[in-house]
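Residue numbers (the working numbering), protein chains in the order written: chain Z, 1 to 278; chain R, 1 to 278.
Some hints could be false.
What follows is a set of in silico ranges between Cβ atoms, one per label pair, in the way DEER data are often shown [what the hints assert, rightly or not]:
1) A238(Z) with E249(R): 48 to 58 Å
2) E244(R) with D240(Z): 25 to 35 Å
3) E211(Z) with E211(R): 43 to 53 Å
4) E168(R) with D240(Z): 38 to 48 Å
5) A238(R) with E211(Z): 23 to 33 Å
6) N234(R) with V130(Z): 49 to 59 Å
7) E249(R) with E98(Z): 25 to 35 Å
8) E244(Z) with E249(R): 19 to 29 Å
9) N242(R) with N242(Z): 51 to 61 Å
Straight-line C-alpha distance at most 20 Å; calculated EDC-like pairs for lysine to aspartate or glutamate [stated by the list, open to error]:
10) K192(R) with E178(R)
11) K49(R) with D62(R)
12) K49(Z) with D62(R)
13) K49(R) with E4(R)
14) K192(R) with E75(Z)
15) K49(Z) with E124(Z)
16) K49(R) with D62(Z)
17) K49(Z) with E75(Z)
18) K49(Z) with D31(Z)
19) K192(Z) with E75(R)
20) K192(Z) with E211(Z)
21) K49(R) with D31(R)
Hint data in this document are derived by calculation from the structure and do not stem from the laboratory. Given the structure is predicted, the values throughout are model-derived calculations rather than measurements. Even glycine gets a Cβ: it sits at the ideal position worked out from N, Cα and C.
Protein chains: 2
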Amino acid sequence: MTREAAANGQLALLLEVAGTPKPGNVDRHRDHAGLRFEHFLAGAIGARKGLGMAARGAAVGDAFERAVYGMSQQEGGNTQFGCLLLLVPLVRSAAVAELSSQAVGALCEETTVADSAGFYRAFEYVDVAVDDPPEEMADLDVRRGADAIPTLTERGVTLYDVMEASAERDGNAREWVEGFPRTFREAELILKDDGPVSDRASRAFLRLLAEREDGFVRMTVGQEVATEVHERANAVLAGDENPETLAEEFVERGINPGTTADVTCAALFVALQRGLSV
Amino acid sequence: MTREAAANGQLALLLEVAGTPKPGNVDRHRDHAGLRFEHFLAGAIGARKGLGMAARGAAVGDAFERAVYGMSQQEGGNTQFGCLLLLVPLVRSAAVAELSSQAVGALCEETTVADSAGFYRAFEYVDVAVDDPPEEMADLDVRRGADAIPTLTERGVTLYDVMEASAERDGNAREWVEGFPRTFREAELILKDDGPVSDRASRAFLRLLAEREDGFVRMTVGQEVATEVHERANAVLAGDENPETLAEEFVERGINPGTTADVTCAALFVALQRGLSV
């Protein structure tokens, strides 16, 4: 089963949303109001061109912008912005260099101001829930979109710089600046696991959520809930909570651990590249 | 939301399997043993190159062979052979001519011996459940794969001829030779319907199954069951059966109305091309 890197990236997007249960996420059994399974399918279809650009060695910022534009061509709003932020450098690294923590880490470090401009332009296509930036970054609030580009240019802010500034709060940015440690670790665990891939994706998601609080939950519903979600994922791993029941409850309460889903998707991609059979 | 024809073809494959409930098919809530939701996702990813060839005007047989080869790169076996048989001429017609019953019907009529050779080669990649051919077609049993090509060539059998010979027994072949009447009719009903696309796909599937016995069910589990399935789909439309319960029962009994799913997929493609919003 040889599949090109861009196709594996797209398949990872699909396998991620099909991973069931992933408490709080859209999965095979659950939708959020206005954000449904079918929006993720259309988002994955739309992302293909940007992933293809990454595989052909395009600049990370350009490929990301194109992927997000394509992803946004559905009615559900933001489905896979965070997944694509992780997938684009991983796909590029797999296709034009090698797929290792060191190689993708170097690729991220080498990003330029042009890459951060692409990243900011991507916010023009879709509403992404974000925190207020730290005070010294106020001019570079991502919600300014392309309007921030003159400031980026003036200050010489690369995409790596942008990620570094958010790494403490944002789990995806942290993967970016640290060489994707959780992604590569979970990929190996997915490969060692057995059974249907959608079950493995569910287990990877639960391990990741039990390991660290989800930044998207903290941002959207607050610190207290983020702590609770983290603890209850640990209770699932300990066998004290049923993940299906938890999934029902979280969806009902509007709790969506999006960052954890993003890392799960990235790990599925690495696992596919390393021979995960579907 | 502009999406190219090949992307809409791929999205139709995904929306079809996500349509739930589709009694007897793999859907969001149900898998068959060894044939799971994730295999359909990987099949749709793999089909992209062949659908892209069709959109660029490649010969129907070549595009179909490439689509089936890509689709077959997953562990579930035959996921979408029948869907692709319908999608390839539809995608080609949409991209290079127009998407109408007349245009796609003409395209099918104009297929050549080279197209039937591509169709026969496609059987080399995946095990497809088929009936024994009529006696006069024994040399052209599709299970012979590429070995049948000398006979095809000698007798000048086009792909249209192959479909015509099977049209009485096989619902997909009948769509091919009649200008896709059920496909175009259901596309309009899907467009007029409302709510999530996965619900519309489920309703389209049930209407199609209630309209006509499924040839794949007849072939795999016999005439009696095919009649029962058809009658019970009518009972669902009349409100006398619960489609979710029926879906559980059919999957348990190994009843999989595959031809009806194929036409549902083709109708979703036409609806997407005509503006169905996801």
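Status of the hints after comparison with the structure:
1. A238(Z) with E249(R): 48 to 58 Å: 37 Å, violated
2. E244(R) with D240(Z): 25 to 35 Å: With Cβ atoms ~31 Å apart, the hint holds.
3. E211(Z) with E211(R): 43 to 53 Å: Since E211(Z) and E211(R) have Cβ atoms about 52 Å apart, the given range 43 to 53 Å holds.
4. E168(R) with D240(Z): 38 to 48 Å: With Cβ atoms ~60 Å apart, the hint is violated.
5. A238(R) with E211(Z): 23 to 33 Å: At roughly 52 Å between Cβ atoms, E211(Z) and A238(R) fall outside 23 to 33 Å, so the hint is violated.
6. N234(R) with V130(Z): 49 to 59 Å: This hint holds: roughly 52 Å between Cβ atoms.
7. E249(R) with E98(Z): 25 to 35 Å: Check failed, 50 Å falls outside 25 to 35 Å.
8. E244(Z) with E249(R): 19 to 29 Å: With a Cβ separation near 22 Å, E244(Z) and E249(R) satisfy 19 to 29 Å, so the hint holds.
9. N242(R) with N242(Z): 51 to 61 Å: 25 Å, violated
10. K192(R) with E178(R): 24 Å, violated
11. K49(R) with D62(R): Given that 20 Å is the threshold and the Cα spacing comes to 11 Å, the pair holds.
12. K49(Z) with D62(R): 23 Å, violated
13. K49(R) with E4(R): 13 Å, holds
14. K192(R) with E75(Z): At roughly 18 Å apart (the allowed maximum being 20 Å), E75(Z) and K192(R) satisfy the hint.
15. K49(Z) with E124(Z): Given pair K49(Z), E124(Z) holds - Cα atoms ~18 Å apart, limit 20 Å.
16. K49(R) with D62(Z): 23 Å, violated
17. K49(Z) with E75(Z): Between K49(Z) and E75(Z) the Cα gap is close to 19 Å, so the pair holds against 20 Å.
18. K49(Z) with D31(Z): 26 Å, violated
19. K192(Z) with E75(R): 18 Å, holds
20. K192(Z) with E211(Z): Cα-Cα ~19 Å, so holds.
21. K49(R) with D31(R): 26 Å, violated
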